[in-house]
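Engineer: In order, the protein sequences belong to chains W and B. The numbering used here puts the first sequence at residues 1 to 295. The numbering used here puts the second sequence at residues 1 to 340.
Worth flagging that the hints you see were computed from the coordinates, not collected in a lab. Don't be surprised by glycine CBs; every beta carbon is placed ideally from N, CA and C.
Partial list, computed: chain B residues near chain W (C-beta under 7 Å):
(1) L125
(2) L291
(3) I298
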Amino acid sequence: MDVDLFISQLLNGLSSGVIYASLALALVLIFRTTGILNFAQGEMALFSTYFTWWLTDLGLPVALAIAISVVASFVGGAFVERVIIRPFEKSSPLVIVIATLGLFLALNSLAQVIFGTDAKQLASVFPHTVWTVGGVRVSSQTVGLLGMLSVECLLLWLLFQRTRVGLALRAVASNPESCRLLGIRVGAMLMFGWGLAAALGAVAGAVVVPTTEALTAASMQGVLVFAFAAAALGGFDSPLGAVVGGLVVGVARALTIQYLAPLDNIELVMPFAIILGVLLVRPSGLFGTARVERV
Amino acid sequence: MGGRAGLAARVGTVVIVVAVLAWLPQYYGTTDTALFAKALYIAIAAMGLNLLTGYNGQVSIGHGAFFGFGAYTTAILMNDHGWDFLATLPVVAVASFAIGAAVGFPALRVRGLYLALITLGLAALFPDLVTKYVHGTGGTTLVQPPQPTSPSWATGFAPQNDQWRYYLALAIAVVMFVIAWNLVRGRFGRALIAVRDHEAAASTIGIDLARTKVTAFALSALYAGIAGSVGVMITGLATAGRVETFQLSIDFLIAIVIGGTATVAGPAIGACLFVFLEQAAQDAFPRQPLLSPAIFGIGLIVLLFVLPDGVVGGARRAGRRVRQLTRSRHRPQLDPSTTT
Numbered sequence: 001m002d003v004d005l006f007i008s009q010l011l012n013g014l015s016s017g018v019i020y021a022s023l024a025l026a027l028v029l030i031f032r033t034t035g036i037l038n039f040a041q042g043e044m045a046l047f048s049t050y051f052t053w054w055l056t057d058l059g060l061p062v063a064l065a066i067a068i069s070v071v072a073s074f075v076g077g078a079f080v081e082r083v084i085i086r087p088f089e090k091s092s093p094l095v096i097v098i099a100t101l102g103l104f105l106a107l108n109s110l111a112q113v114i115f116g117t118d119a120k121q122l123a124s125v126f127p128h129t130v131w132t133v134g135g136v137r138v139s140s141q142t143v144g145l146l147g148m149l150s151v152e153c154l155l156l157w158l159l160f161q162r163t164r165v166g167l168a169l170r171a172v173a174s175n176p177e178s179c180r181l182l183g184i185r186v187g188a189m190l191m192f193g194w195g196l197a198a199a200l201g202a203v204a205g206a207v208v209v210p211t212t213e214a215l216t217a218a219s220m221q222g223v224l225v226f227a228f229a230a231a232a233l234g235g236f237d238s239p240l241g242a243v244v245g246g247l248v249v250g251v252a253r254a255l256t257i258q259y260l261a262p263l264d265n266i267e268l269v270m271p272f273a274i275i276l277g278v279l280l281v282r283p284s285g286l287f288g289t290a291r292v293e294r295v
Numbered sequence: 001m002g003g004r005a006g007l008a009a010r011v012g013t014v015v016i017v018v019a020v021l022a023w024l025p026q027y028y029g030t031t032d033t034a035l036f037a038k039a040l041y042i043a044i045a046a047m048g049l050n051l052l053t054g055y056n057g058q059v060s061i062g063h064g065a066f067f068g069f070g071a072y073t074t075a076i077l078m079n080d081h082g083w084d085f086l087a088t089l090p091v092v093a094v095a096s097f098a099i100g101a102a103v104g105f106p107a108l109r110v111r112g113l114y115l116a117l118i119t120l121g122l123a124a125l126f127p128d129l130v131t132k133y134v135h136g137t138g139g140t141t142l143v144q145p146p147q148p149t150s151p152s153w154a155t156g157f158a159p160q161n162d163q164w165r166y167y168l169a170l171a172i173a174v175v176m177f178v179i180a181w182n183l184v185r186g187r188f189g190r191a192l193i194a195v196r197d198h199e200a201a202a203s204t205i206g207i208d209l210a211r212t213k214v215t216a217f218a219l220s221a222l223y224a225g226i227a228g229s230v231g232v233m234i235t236g237l238a239t240a241g242r243v244e245t246f247q248l249s250i251d252f253l254i255a256i257v258i259g260g261t262a263t264v265a266g267p268a269i270g271a272c273l274f275v276f277l278e279q280a281a282q283d284a285f286p287r288q289p290l291l292s293p294a295i296f297g298i299g300l301i302v303l304l305f306v307l308p309d310g311v312v313g314g315a316r317r318a319g320r321r322v323r324q325l326t327r328s329r330h331r332p333q334l335d336p337s338t339t340t
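From just these sequences and the hints, can you work out the full model?
Structural biologist: This is how it looks when you write it as structure tokens:
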């Protein structure tokens, strides 16, 4: 086996894994705070990415455009929670799933109506350089993406473990009723959680698009499937799991494409085989906490 | 409502509804008939998904794949092997049931949202499988079988081919709904509901959890497969884009949620509402076809807000309210439908 080729495929996989991990993190954030699986997460990221593109189209530098888009997405995400999700607070999970699917359809088509259907190009925020380390070509994209993910994780960890807001978020996820009694504003925390997820989506979208051919209305749908796979693999309530899951799924995909010829064009088999395997052995995911049921 | 009078009233309602459905293509033109036929096959698939999601509590967002499987099986058998449309149905039924059972096995370990994810994978994978293994018209994945035409003995009521196809779809839909109605009222239906509401309790009273869940999955796959066959018969085209497969899976879910989960009439009403709302959203802004999913999505959210338990659930609540107002206040009535 060609070692250099293997390593370069591994790096390829890691960089797409970072993208899956970012979106999976967003899914996990929402799932942890609200117990909802947000099927519109990809389309929320898509909308943010179109917004980022629009800002760069106005002449803003990419980094600034992403920063503005992240802030705007935070506000948008909080708004979505308050206006669309909150009214269904007491409904059955199925109704909430349908509501997020409605949001999915609406956001996808609104993005096309507002920003146009033609394919858009979005410049990468990372410089294009390739280093050669011992025969393996390492692109600055990969390094940048891995760095970005590390920073994201660090910030989230600090937020959740070292701030009052983070403590309140964790408390709300664990027991909303008690929080309300303690004077924590549960509604505000839920909005904060959704806002955070939308902001993460904006970052993920802005880094995924330059690695694909162009920004179109379908850009995020494929990514979302892999992000779901990543979140399921890691466990829906574990941010660490989302990151590890994302990287594993990314690498597994890259290696499947390279080495498993019979799976040509149906590489999707791989992440789902992984999910299935993991769920059969450990239904709560690799890092998730098992649910104990009281009869 | 119960006993013989209730049953008679229900059968009467069904006869009237079927009569109206049978009259539709006599009055409306080709375009509308195609729309009604679409409502019929969406209703079949939604009924199947309702067995799984509504009665058994297992959410699937991958039934578009089973629909596609049925569509391709019928299309290929008719196109490449010269089969008659009706002859393909048993094949589709058996094959979809078997595949559904195979896919349903993970459902024994994987529950709720995780199951939804596995089925999402099914919807994402199916188009890739089709692209890899199906070689249709001009090397694409499209398969266009010959559509059934109106036989000579039917010229009296269905002179046009599209009318004949509508009647075929209607007949199949009626058969499938009668089967479903009988299933959910019997032992199996009670088992489905018991497993949904409380697994542990259900297993203590002797319900085989594994068999019930896998059978529910397999049956819903069978319904989706048959719906796919009917769909291909109506549209004359089997296709499996990534978007279409996912969209169909969502469509079935939407139909049961707006119609009313865990009811027999729900999927039928929901499918009709769905097809017409979608059409209305398209007609509202004919120059802006892109806006229609937006309007539809927002409309869906509003509808969920107004009628969280669907049209049938809303109607039942309204009916109870009316009965409470008209009956004596000294005898509080216990409605059997609230127990589920």
